[in-house]
Amino acid sequence: MVQKPDSCRSEDCCYDLSKSEPEKIEGSKTSLALFIVLPLIIGIILCIITAKLFVYLGKKGMKYSRAKMLFVQSFIAITWFGLTSWGVQSYVNPCTDFDLWLNGDLGVSFKSVIIGMMANVVFGFIDNAGLFFGGCYLDEVFALLPGSSDANVAAGYGNTFSDFLGAFLGTFVGLILKDATGVEEGPLWANAIGIIVGCLLGILVPKLILSNSSTKGLNKTSARQVLLGAMEIDELEAIIDGKKTLFDFRVERTFKKLDNDNSGKLEIQELKDYMMDAMGDDFDEKQFENELKEVFLINKNGETHEQEVDFKEFEQIYKKMAIDTLAHRKKQKQEEEELENQKQKQNLGHKQVAPENLDSEIQNESEKKLTPMDQEKKID
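For reference, each letter of the sequence shown is one residue, going 621 to 1000 in the working numbering.
Hint data in this document are derived by calculation from the structure and do not stem from the laboratory.
We put the beta carbon where it would ideally sit given N, CA and C, even for glycine.
Errors might be hidden in some of the hints.
Restraint ranges, calculated between C-beta atoms of paired labels, are given here [what the hints assert, rightly or not]:
#1 L765 / L828: 24 to 32 Å
#2 K688 / N772: 38 to 46 Å
#3 F691 / Q907: 42 to 50 Å
No more than 30 Å apart at the CA atoms, straight line, and that leaves these computed lysine-lysine pairs for DSSO-like [claimed, not checked]:
#4 K940 / K876
#5 K939 / K885
#6 K892 / K950
#7 K950 / K963
#8 K932 / K672
#9 K963 / K932
#10 K688 / K876
Could you put the whole structure together from the sequences, leaning on the hints where they help?
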């Protein structure tokens, strides 16, 4: 058990940490409320400020990706709320030091770490595994729910299903371990590690079972393919023909993905950020600029919009990309068919040699093997 500070061994200490039900201290409810509400507000403000800072640096020419911004925001949120948790516990119980808050009453031992991890491993595993299987087998159910035409909303429904399972099963496993071992809870960091391990297992095991998921990633070879995705020829034709059910869904979903600040206009920097995030190391800035000039710049009233386009303009851009991609796909398919036909004709020509030409071919081959002297004798 963790050794308590000397100041906590007196009778004036607020409560004994070894007790399962500590005595309530007298304190201002307003103060406790402020300890809860203020950190939450400040944490949200810090995340917003970080996002605005990244956008500002991007406009100044500094390269960054949305992934980096998300990692920085996550680190700030974890650090801030962790320190806040320690501060609130120290306020409620002045006997708490940092080691006690981080490692719990039992301190760091193999038993406490394993107990702390197990329930969270189960929760993390179910959380991701449920999302895999839910996405594969509950698509028809999710399609009946509001907003399921949006891929993010459908993913949210799948995550709700997996969290529902994980919350119950993880809690039950935690109670079983608590009753069987008598350990209330493990170190704080062991809980976090348990969830991470469980989530990774929740990816690996379902992947081995399902082999190949039905989700198709975006093709990262060009800007057109990143925005249009791996669409089949009939889908491209449907978009070009103006079938609203497919066209509106595709173009609106893509526009919302790109419009980070929800301004209703797509800025070139937003588009570039999306490309860098989607294509990763394959992103070629020079290629992007060339495609930008070719595809994404359109004229309106004789003016060239080089910095931003609205939704109506993006519809025209999207349709133009679909037309170009369809023409390229059809040409590629035609070339492949012609090449295949040529191969078949060549194979057929080698297999089927006309009988009347067979003797002449044999004679020609034998003449090639004759020496010059033999050929002169043959002429004589």
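Checklist entry - Are there hints from earlier that the structure breaks, and if so, what are their numbers? => result 2, 3, 9
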